[in-house]
Amino acid sequence: MATDTLKSTSSADSATGGLRRLLLDNGALTALIVLVVAMSALSGDFLTTDNLLNVGVQAAVTAILAFGVTFVIVSAGIDLSVGSVAALSATVLAWSATSHGVQVLIAVLLAVVTGIAAGLVNGFLIAYGKLPPFIATLAMLSVARGLSLVISEGSPIAFPDSVSHLGDTLGGWLPVPVLVMVLMGLLAAFVLARTYIGRSMYAIGGNEEAARLSGLRVKKQKLAIYALSGVFAAVAGVVLAARLSSAQPQAADGYELDAIAAVVIGGASLAGGTGKASGTLIGALILAVLRNGLNLLNVSAFWQQVVIGVVIALAVLLDTLRRKAGATPVAGASQGGKGRQAATYGLAAVVTVAIVGATSFLHNGSSSTANPKVGLSLSTLNNPFFVQIRSGAQAEAEKLGLDLTVTDAQNDASQQANQLQNFTSSNLGAIIVNPVDSDAASNSVKAADKAKIPVIAVDRGVNKASVDALVASDNVAGGELAAKTIGEKLGGKGRIVILQGQAGTSAARERAAGFARGLKAYPGIQVVAQQPADFDRTKGLDVMSNLLQAHPDVQGVIAANDEMALGAIKALGSKAGTSVSVVGFDGTPDGLNAVKDGTLYASVAQQPSQLGKIAVDNALKALEGKKVQETIKVPVKVVTKENVAGFTG
Numbered sequence: 009m010a011t012d013t014l015k016s017t018s019s020a021d022s023a024t025g026g027l028r029r030l031l032l033d034n035g036a037l038t039a040l041i042v043l044v045v046a047m048s049a050l051s052g053d054f055l056t057t058d059n060l061l062n063v064g065v066q067a068a069v070t071a072i073l074a075f076g077v078t079f080v081i082v083s084a085g086i087d088l089s090v091g092s093v094a095a096l097s098a099t100v101l102a103w104s105a106t107s108h109g110v111q112v113l114i115a116v117l118l119a120v121v122t123g124i125a126a127g128l129v130n131g132f133l134i135a136y137g138k139l140p141p142f143i144a145t146l147a148m149l150s151v152a153r154g155l156s157l158v159i160s161e162g163s164p165i166a167f168p169d170s171v172s173h174l175g176d177t178l179g180g181w182l183p184v185p186v187l188v189m190v191l192m193g194l195l196a197a198f199v200l201a202r203t204y205i206g207r208s209m210y211a212i213g214g215n216e217e218a219a220r221l222s223g224l225r226v227k228k229q230k231l232a233i234y235a236l237s238g239v240f241a242a243v244a245g246v247v248l249a250a251r252l253s254s255a256q257p258q259a260a261d262g263y264e265l266d267a268i269a270a271v272v273i274g275g276a277s278l279a280g281g282t283g284k285a286s287g288t289l290i291g292a293l294i295l296a297v298l299r300n301g302l303n304l305l306n307v308s309a310f311w312q313q314v315v316i317g318v319v320i321a322l323a324v325l326l327d328t329l330r331r332k333a334g335a336t337p338v339a340g341a342s343q344g345g346k347g348r349q350a351a352t353y354g355l356a357a358v359v360t361v362a363i364v365g366a367t368s369f370l371h372n373g374s375s376s377t378a379n380p381k382v383g384l385s386l387s388t389l390n391n392p393f394f395v396q397i398r399s400g401a402q403a404e405a406e407k408l409g410l411d412l413t414v415t416d417a418q419n420d421a422s423q424q425a426n427q428l429q430n431f432t433s434s435n436l437g438a439i440i441v442n443p444v445d446s447d448a449a450s451n452s453v454k455a456a457d458k459a460k461i462p463v464i465a466v467d468r469g470v471n472k473a474s475v476d477a478l479v480a481s482d483n484v485a486g487g488e489l490a491a492k493t494i495g496e497k498l499g500g501k502g503r504i505v506i507l508q509g510q511a512g513t514s515a516a517r518e519r520a521a522g523f524a525r526g527l528k529a530y531p532g533i534q535v536v537a538q539q540p541a542d543f544d545r546t547k548g549l550d551v552m553s554n555l556l557q558a559h560p561d562v563q564g565v566i567a568a569n570d571e572m573a574l575g576a577i578k579a580l581g582s583k584a585g586t587s588v589s590v591v592g593f594d595g596t597p598d599g600l601n602a603v604k605d606g607t608l609y610a611s612v613a614q615q616p617s618q619l620g621k622i623a624v625d626n627a628l629k630a631l632e633g634k635k636v637q638e639t640i641k642v643p644v645k646v647v648t649k650e651n652v653a654g655f656t657g
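In the numbering used here, each residue carries its 1-based index in the sequence shown increased by 8.
If you're looking for bench data, these hints aren't it; they were derived computationally from the structure.
All values reported here derive from a predicted model rather than from experimental measurement.
The reader is advised that the hints may include incorrect statements.
[What the hints assert, rightly or not] Label-pair distances were calculated between CB atoms; the ranges are:
| hint | residue 1 | residue 2 | range |
| --- | --- | --- | --- |
| 1 | Val535 | Thr56 | 28 to 38 Å |
| 2 | Val158 | Leu117 | 44 to 54 Å |
| 3 | Ser474 | Thr57 | 32 to 42 Å |
| 4 | Gln313 | Val158 | 25 to 35 Å |
| 5 | Ala125 | Thr586 | 23 to 33 Å |
| 6 | Gly154 | Glu496 | 33 to 43 Å |
| 7 | Gly154 | Lys407 | 43 to 53 Å |
| 8 | Gly137 | Gly606 | 48 to 58 Å |
[Claimed, not checked] As a list, the in silico DSS-like pairs of lysine-lysine whose alpha-carbon atoms are at most 27 Å apart:
| hint | residue 1 | residue 2 |
| --- | --- | --- |
| 9 | Lys629 | Lys501 |
| 10 | Lys641 | Lys381 |
| 11 | Lys381 | Lys501 |
| 12 | Lys454 | Lys649 |
| 13 | Lys472 | Lys381 |
| 14 | Lys492 | Lys583 |
| 15 | Lys578 | Lys492 |
Cβ atoms here follow ideal geometry from the backbone N, Cα and C, with glycine treated the same way.
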């Protein structure tokens, strides 16, 4: 009896230990399954073919970058430059193919060579220059981003149509980015498991000194490892630019952190020696599922960052627990181990399908709602102007009984493309978009048009795609008013600088055109400098501070929005409102307060709350099949200290 009890206890302990070991060895896969099941239960829109394909597309760029970063992390290195290298490679492709007539195939090869060159520089600085990988790749991050801006002159470059097809679908359903992701994943898995360079990565990451003493040429291997990372970054940049139909010089900003997170979540150790391509793919899918699901659940973009940060921390904690528990390393595996791994993945797929299939019954007949659904994608909520647009839209939606979902693209054109795809796959009644970039939004708007979903653009237009209506202030007329205001204030003569908006946006272009047109009436006004500050207060402060070093005698400033004007006022100090007159644009609350104080001479005031209200009104009209005007202009007004008290916005 005692023996039977002992056997039973040992068997139970063995089963518990085996389950614990299985979860530790496959923590990322377990997390992905839990996420998929949870999102399926919480949102009836998650488990649709279109949305699952969206998840794949949204994971593609991060996954391709992460495959390259896997090589580096396995060898106990780090590569912070992959996002900037991706942007530079795409810019080189677009610049050579469009501006210089280079054949597309050669242009693609140039993009790949650009990635290889950046990787070789990283590898040389680390292997032969003895720089820490963090420092060397941080330097390349800055250099590559700067070169991308220099080549493009700060403006997006349209992609050749033959390359833009990389952002399309095959057979009308399979997204090309997903196919490229799978192919690059297979290549990464082959390199890691079947090649000499792959085995070298594990050896260097496990113990670099031991690898050197065993005869491995560590320095040359590091050159090859970072060059491979550059190749994958170049491919990711081309895929991203194809999705956006343009090479954005600021594209993939911060993506290196997502790539590193995907590798770590997938089970690789930052200490080196472990990691695999399948784990990296799972890590990228976890990030994509999180963002997609949280968008569908209308969770704030700010909270999304919090959730993703927690997931990364938990992934590192799991890696620590796995190593302490002596779990199976993720480096190589025996044939039996690979068989067990395949069986684990197969079992996971069966369990996921079964549970998800069961949860789908929760949403049968529950996806319909009494209130029509409308999605609003704003370029950023880190700007008072767009916060006011949201407030006006939300107030009007509540009044009309609409279910309004608001997302924040955080000035990332790729993130906005993902959000618009999520709106489309959720079958919303209408979509309102305030584009980060007028060109980059085109493919997503075309997809919504194809799905028969009305699209209303607000504040900025969409190029190369048709929208049902554009609700915007007359930016050109407003720019002329700003020029006239500064011209009259300076008595028709003086030296001024212009702070431009974010390159590529219709608002920045139209306001700049208005400034130029208005200043023609004042030949005595000399524009001594024009620099972009991206509609951002901090950048406005920095740019204005720099310009004052070269032009200390400036007498006037025109800024394309109030945020940049407020930054310029900070840089000017006591000169603002006394010896230097500053004119802003938008009429935000902070801008109007500065007008009252006298530091901001005037603001060409828009009515952002009205923009949001009118956009929602027209979205409902289009949703109901009613005719809407193609262009709805909201008037602007020059607000100075004399009339600011009576201005309500």
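For each hint, the structure was consulted:
no.: 1; hint: Val535 x Thr56: 28 to 38 Å; result: 53 Å, violated
no.: 2; hint: Val158 x Leu117: 44 to 54 Å; result: 21 Å, violated
no.: 3; hint: Ser474 x Thr57: 32 to 42 Å; result: 26 Å, violated
no.: 4; hint: Gln313 x Val158: 25 to 35 Å; result: 30 Å, holds
no.: 5; hint: Ala125 x Thr586: 23 to 33 Å; result: 51 Å, violated
no.: 6; hint: Gly154 x Glu496: 33 to 43 Å; result: 39 Å, holds
no.: 7; hint: Gly154 x Lys407: 43 to 53 Å; result: 48 Å, holds
no.: 8; hint: Gly137 x Gly606: 48 to 58 Å; result: 54 Å, holds
no.: 9; hint: Lys629 x Lys501; result: 49 Å, violated
no.: 10; hint: Lys641 x Lys381; result: 25 Å, holds
no.: 11; hint: Lys381 x Lys501; result: 53 Å, violated
no.: 12; hint: Lys454 x Lys649; result: 45 Å, violated
no.: 13; hint: Lys472 x Lys381; result: 26 Å, holds
no.: 14; hint: Lys492 x Lys583; result: 21 Å, holds
no.: 15; hint: Lys578 x Lys492; result: 24 Å, holds
Against the hints set out earlier in the document, violations occur for numbers 1, 2, 3, 5, 9, 11, 12.
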